[in-house]
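The task is simple: from the sequences and hints, build the whole structure.
First residue of the sequence shown? That's 1 in the UniProt record's numbering, and the numbers climb one at a time after it.
To be clear, the hints were calculated from the coordinates, so they are not data collected in a lab.
Where hints are given, some of them may not hold.
[Stated by the list, open to error] 27 Å max Cα-Cα, derived DSSO-like pairs, lysine-lysine:
hint, residue 1, residue 2
1, Lys408, Lys442
2, Lys408, Lys216
3, Lys212, Lys287
4, Lys442, Lys287
5, Lys212, Lys334
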Amino acid sequence: MAESSPQRPAVTRNRTRSASITQALKAIPLNEQRGDAALSPVSSSPSDTQGPRAPAVPEDSTLRSRKPAEVASAARDAKKGRRTVKKMSAEDAARYRSDGFWRDLRTGKWMLIPSSSLPLLVVPWLIYLNHRYILTNPALPLYLPTFLRTLLAQFLGRTDSSVPFSWSILPVGTLNPMEPFLFLSGAVQKSAASAMDKAGEGAILAGETLYKRDFKDLLFISYYIIFFSFVRQFITMNLLAPLSRSLGIARSKTERFTEQGYAAIYFSFFGSLGIYVMRGLPIWWYKTSAMWDTFPVLEMPALLKAYYLLQFSYWLQQTIILAARVEKPRKDFKELVAHHVVTLWLVGWSYLLTLTYIGVAIFVTMDVSDIFLALAKCVNYVDESLSAPFFAFFVCVWTYMRHYLNLKILWSVWHEFELIPEAARSSFQPWRETELLNWWMKYQIFAPIFLLQLINLFWYFLILRILYRAVFLSQLADDRSDEEDEGEEVLEETKAKAE
Numbered sequence: 001m002a003e004s005s006p007q008r009p010a011v012t013r014n015r016t017r018s019a020s021i022t023q024a025l026k027a028i029p030l031n032e033q034r035g036d037a038a039l040s041p042v043s044s045s046p047s048d049t050q051g052p053r054a055p056a057v058p059e060d061s062t063l064r065s066r067k068p069a070e071v072a073s074a075a076r077d078a079k080k081g082r083r084t085v086k087k088m089s090a091e092d093a094a095r096y097r098s099d100g101f102w103r104d105l106r107t108g109k110w111m112l113i114p115s116s117s118l119p120l121l122v123v124p125w126l127i128y129l130n131h132r133y134i135l136t137n138p139a140l141p142l143y144l145p146t147f148l149r150t151l152l153a154q155f156l157g158r159t160d161s162s163v164p165f166s167w168s169i170l171p172v173g174t175l176n177p178m179e180p181f182l183f184l185s186g187a188v189q190k191s192a193a194s195a196m197d198k199a200g201e202g203a204i205l206a207g208e209t210l211y212k213r214d215f216k217d218l219l220f221i222s223y224y225i226i227f228f229s230f231v232r233q234f235i236t237m238n239l240l241a242p243l244s245r246s247l248g249i250a251r252s253k254t255e256r257f258t259e260q261g262y263a264a265i266y267f268s269f270f271g272s273l274g275i276y277v278m279r280g281l282p283i284w285w286y287k288t289s290a291m292w293d294t295f296p297v298l299e300m301p302a303l304l305k306a307y308y309l310l311q312f313s314y315w316l317q318q319t320i321i322l323a324a325r326v327e328k329p330r331k332d333f334k335e336l337v338a339h340h341v342v343t344l345w346l347v348g349w350s351y352l353l354t355l356t357y358i359g360v361a362i363f364v365t366m367d368v369s370d371i372f373l374a375l376a377k378c379v380n381y382v383d384e385s386l387s388a389p390f391f392a393f394f395v396c397v398w399t400y401m402r403h404y405l406n407l408k409i410l411w412s413v414w415h416e417f418e419l420i421p422e423a424a425r426s427s428f429q430p431w432r433e434t435e436l437l438n439w440w441m442k443y444q445i446f447a448p449i450f451l452l453q454l455i456n457l458f459w460y461f462l463i464l465r466i467l468y469r470a471v472f473l474s475q476l477a478d479d480r481s482d483e484e485d486e487g488e489e490v491l492e493e494t495k496a497k498a499e
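Encoded structure:
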C-alpha cells in the first residue's frame, strides 16, 4: 500500500454544502465510495475518465525552489500511487471475470457472475419439468411417434396400439425432487369450520390453502439465495452500469451507483410488498397488541410465507457475500456483518416461533427507509446539487421508520408480551406446535430488536453529526471511507507533495 501523508491536502478544504451531503451519505449502512469528482481520473487512458481533463497546474515558484531530491521523491510517490490505483482496477476487473463454471462454483465467484449462477437456476427447473411432464405423465403415449407407441404397446402386452392407453415411466404421484426448492412446502387446507382466524378479520377464506413451517423451507431458501445472486448481478451489470455511463457518472463511482440502484429496486419492491402483506394482517400499521393476542400463528397464507422466506434468502445471501469476502470489504465491514447477523437472528427465531407478524413489522421499517437511502445516494452521484432535498427527506423517513416505530415495537415486547395466552407461553419446546414460548423468551425476542436499534442509532449519530457540521459549521469531515479509494487518496496527497 502506498504511503499516506499525515495531513490531508489543501484541495479538500473549500467544498460546497452539497459535498457535505455527500459525506453524510457515506456514513450510513449502504456505504459509498469517498472519491470526489475532481479526483476521478486515475488513469492516463482517456476512456478512464468522464469529460475533458483538468487543465495543467501552472508552475509555481515554490516548486522551482525545492531540492531536486524532494521533487524526485514526490514523483516516485506519485508513480507508486498510480500503480496502486491501476493494480486495484485490474483486481476489480478480475473479480467479475469468470474462471470457468466449476472453478467459480468452488471459489464462490458464481455469486458475482451471472453466467455462472444462471445454470444453477435453470437446471432445477429442467429437472422439475422433466419429472412432471415426461417421467410421471400418464398421457405420455399420446405424444410418442407411431412406431414408438407400437413398441411400447407390445412391451406392455397390448394388442392394439391405436387405442389410447395410459402409461408413465414413474408412478403418478411420485415426489418431484425439485418441488421443495422451487415452491413453498407445508401446505394445509383450511376447513370451512375454521375459516375465520382468531383475530376475526376474516382475511382467510374457507378452502384457502395455508402453509405451516416445514423443514423443506431450507431447500426453498437455498435456491432463492442463488436467485438473488443472479438477479442482483444481472441488473447491476446489464442495466444499471449502462445507465451510469449514459448519465455521465465517473467511472470510479459506477460500481457504487449500480449497487445503490439495485438496492433502490429491491427495497422498493419488497417495501411495497411488505406494506401490502401487512395490510391484510391484524397488525396493520403497527397495532402492536395483535402481535401477541393472535399467537401462535401456525398457519400462514401463501403470500406471507413466501414474503418471509424470500426476505430470509436475501439477507442470508448478503451475509454470505460479506462473511466470505466475495466482494471487497468496506470500512464499516464489522458494523455491516453485525447488522446482517442480528437480522438473520431475528428472522430465524421469529419464523421458528411463529412470530411472523412482528417480523413483517420490522421488515417494513427497514425496507421503506432503505428505499430513500438508496435513492438519495443515486441522486447524489448524478447531481450533487439535488442530493440535499433527497437527503433531508430520507432523514425524516429514517427517523420515523428506524427509530420511532422500532422503539414502539420494543415497548410492545417489554409491556405486551403477557397478552399471549398463558397456556401458550408456559414451556419452550419449539418442535411442538403448542409449546413454543416460555417466560424467558420475552428477553430473547427483545435482545435482537434492541441490538438492531443500537446499530441504527450508531449510524443515526453519524448522519446527524455530519449534517450538523455541514449546515451550521460549514465544515467537511469524512468519518469513514472505503478501502478501494485509498489509491485515489494517495494520488491526491502525492500531487500535493510535488506542488
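Now for the hints, and whether the structure bears them out:
Between Lys408 and Lys442, the direct Cα distance comes to roughly 15 Å. Compliance with the 27 Å bound is thereby established for this hinted pair. Straight-line distance between C-alpha atoms of Lys408 and Lys216 comes to about 34 Å, which puts the hinted pair past the 27 Å bound. At most 27 Å may separate the alpha-carbon atoms for a hinted pair to count; Lys212 and Lys287 meet this at roughly 24 Å. At most 27 Å may separate the alpha-carbon atoms for a hinted pair to count; Lys442 and Lys287 meet this at roughly 18 Å.
Of the pairs offered as hints, the one joining Lys212 and Lys334 is violated, with about 35 Å between alpha carbons and a cut-off of 27 Å exceeded.
Checked against the numbered hints listed earlier, the structure breaks hints 2 and 5; every other hint is satisfied.
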